[in-house]
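There are 2 protein chains.
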Amino acid sequence: MRAVAILGIGQTPVDEHWDKSIRVLAGEAVFAALRDAGRERADGLFVGNMLSGLLNRQENLGALIADWVGLRGTEALKIEAACGSGAAAFRAGLIAVGSGEMESALVVGIEKMTETVGPQTTAALATAADADWEAAQGLSFVAINALIMRRYLHEYGWRHTDFAPFSINAHTNATHNPNARLQESISLKDYEKARMVADPINLLDASPIGDGAAAMFLVPAETLHRNGHPLITVAGSASATDSIAVHDRHDPLWLSAAADSAQKAYAQAGLTPADIDLFELHDAFSIMAALSLEACGFAERGQGPRLGLDQQIHPTGRVPIATRGGLKARGHPVGATGVYQLVEVVEQLRGDAGATQVPDAQIGMAQNIGGSGATILTHILRAQ
Amino acid sequence: MRAVAILGIGQTPVDEHWDKSIRVLAGEAVFAALRDAGRERADGLFVGNMLSGLLNRQENLGALIADWVGLRGTEALKIEAACGSGAAAFRAGLIAVGSGEMESALVVGIEKMTETVGPQTTAALATAADADWEAAQGLSFVAINALIMRRYLHEYGWRHTDFAPFSINAHTNATHNPNARLQESISLKDYEKARMVADPINLLDASPIGDGAAAMFLVPAETLHRNGHPLITVAGSASATDSIAVHDRHDPLWLSAAADSAQKAYAQAGLTPADIDLFELHDAFSIMAALSLEACGFAERGQGPRLGLDQQIHPTGRVPIATRGGLKARGHPVGATGVYQLVEVVEQLRGDAGATQVPDAQIGMAQNIGGSGATILTHILRAQ
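Protein chains in written order, with the numbering used here: chain A, 1 to 384; chain B, 385 to 768.
One should not assume that every hint holds.
[Said to hold, decoys possible] With a cut-off of at most 16 angstroms between alpha-carbon atoms, the simulated EDC-like pairs for lysine to aspartate or glutamate come out as follows: (1) K648(B) / D659(B); (2) K648(B) / D43(A); (3) K264(A) / D275(A); (4) K648(B) / D275(A); (5) K264(A) / D659(B); (6) K20(A) / E155(A); (7) K577(B) / D546(B); (8) K20(A) / D516(B); (9) K404(B) / E485(B); (10) K189(A) / D162(A); (11) K404(B) / E115(A); (12) K573(B) / D546(B); (13) K264(A) / D427(B); (14) K193(A) / D162(A).
Source of the hints: derived by calculation from the structure; they are not laboratory data.
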């Protein structure tokens, strides 16, 4: 494959967008990415979305959004990989441009989740789990993660409060991100006193859902006419899977699909974890932040929380994560999240991350998880 | 992109598979394709599916099916483009192998639709239409097609009975296909007396839904070790879109996305319609058969029914269509249909189509439609 560059990015605030339909919301991000890229058309549109059928009674999003953004006729489709849909759509667009099949591609992650009532949304999210062996037993998504976190606390001897730095860091960073859902900092006391959701996961361990869309414009690097931004290319891209049902795994505390996809991406880029300047990880729950850091080689097994306790995860730390708020505070519009992460990495590599800018950021990684570790995509971007 | 060949195919009967879960049904087709290809593993799994979230409460099908078929860890994702999901998944797999990103790919189209009650299934299918401007007005999918057919009859002066040959041909061919849902022939009298569904579409204009899965194994043509079958390569592949809402089109009787994608596929293959030995078209409703034949250059505008009336569409005719029963009689498990069509083209190019074999079939085309013409994919396969 030829090298692919990211020419434009766009995003909407993650919020409750009750006044905007799914196509309008997606359109806002797409138009922003087109403006940023200085383009008007693309050869293909790749939509990352998980729940439009269940929550918005709308499928065929590819054609729907292509038409709305003025690209009627253009090839378009929707990619679904649960909460990993956004990065999966990005990877499909990347391969299409890298293969030479297209000279440009738009990728948009879109999810609209706040118009339905809570139980309906919770049931919809449970479709990311194993319908026959998990959801049918009444396990919600947060309950599955609670089981994993409980086991982790037991296995490695951490206390619940040791996970506080993940949430505090994410919220602090989000106060500087105008697109974040929760632009408010939290204290250790807030974290410890937060309402329990599914023991041991409390409200401040869990990311908020939301409505949002994020978009990127991809072109072959070789043909890039720079538009005033640094040239940002995709140095590594990989996807891997694991069993959906957590009980079916060899080790429920090891994200093998994170490790596999990260190793592939490192190898493609010729890098090691020490070379990564920032890491936008999938902190849907604080336990997932720890497991991702371990699987990707930033911490020893069972030692993920140590990075937070040692103050290494903030923007000037050794392993900056959730630099724009992460899922925890930027918010988690599920099928859009993977594209938000990549957009945020681009913001960092362009030096546009403001108060949470990682100094001299040259190489950024994003990891997007579908299900409780079932589908995991890792991407490494590089500024040149 | 490098050339890609189809090394293996597999399919289940289209039926009511109440005893098989979605992963089991998909697995049957995948295992058959692996056996046919003489392989055990693939580098990627591309799942075409539309309704698993709404009807089966299961998303994340990529990881689910990969694990079930013994490919835990392998990259996998789901592609959705309404009833065009199957061919869209095929095209994604094609690009992944063609790009060099993978050395092999499995494509599986899967849909399981018969365990839910009729109104729920009808409402789910309506998510392929425009939720805000069509479905919200109470328009079902068959109603939209009925409006198109009514307009066609008015515009070009055909009688309803002139569409009978499409259904009769499909049913006749299906009597020789053990995987077809309706293995029974029908007469002109049956067609004319069939119960009305949405005037002018009667029961024998409409394809039956069903449960089914079809799969293919793709490899680079250059590395192919033949397995006793003719070498079958992808000579053309293209996808195009149109507005989802039919009232928004310049001409509701012209499938512009069919014309656009067919023209691109012809150009890639260096062929014209006269070179196509058989055409598996998307006869979800008989009116769609006529419109596809016109958009793809097999008939003049408004003259699609003439091909049937002149007895040109049966397997030894000038333009053989629905040679294994088509959507009308093989059945239409929506997200699987596009892969069934391609599997059937391969059967023809291998000379394995039995009583409905098209003589000396060397070049076959398949066209898969998502929505009432909103997303259309055209593929041309060639035996070498």
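Violated hints, by number in ascending order, as checked against the structure: 4, 5, 6, 9, 11
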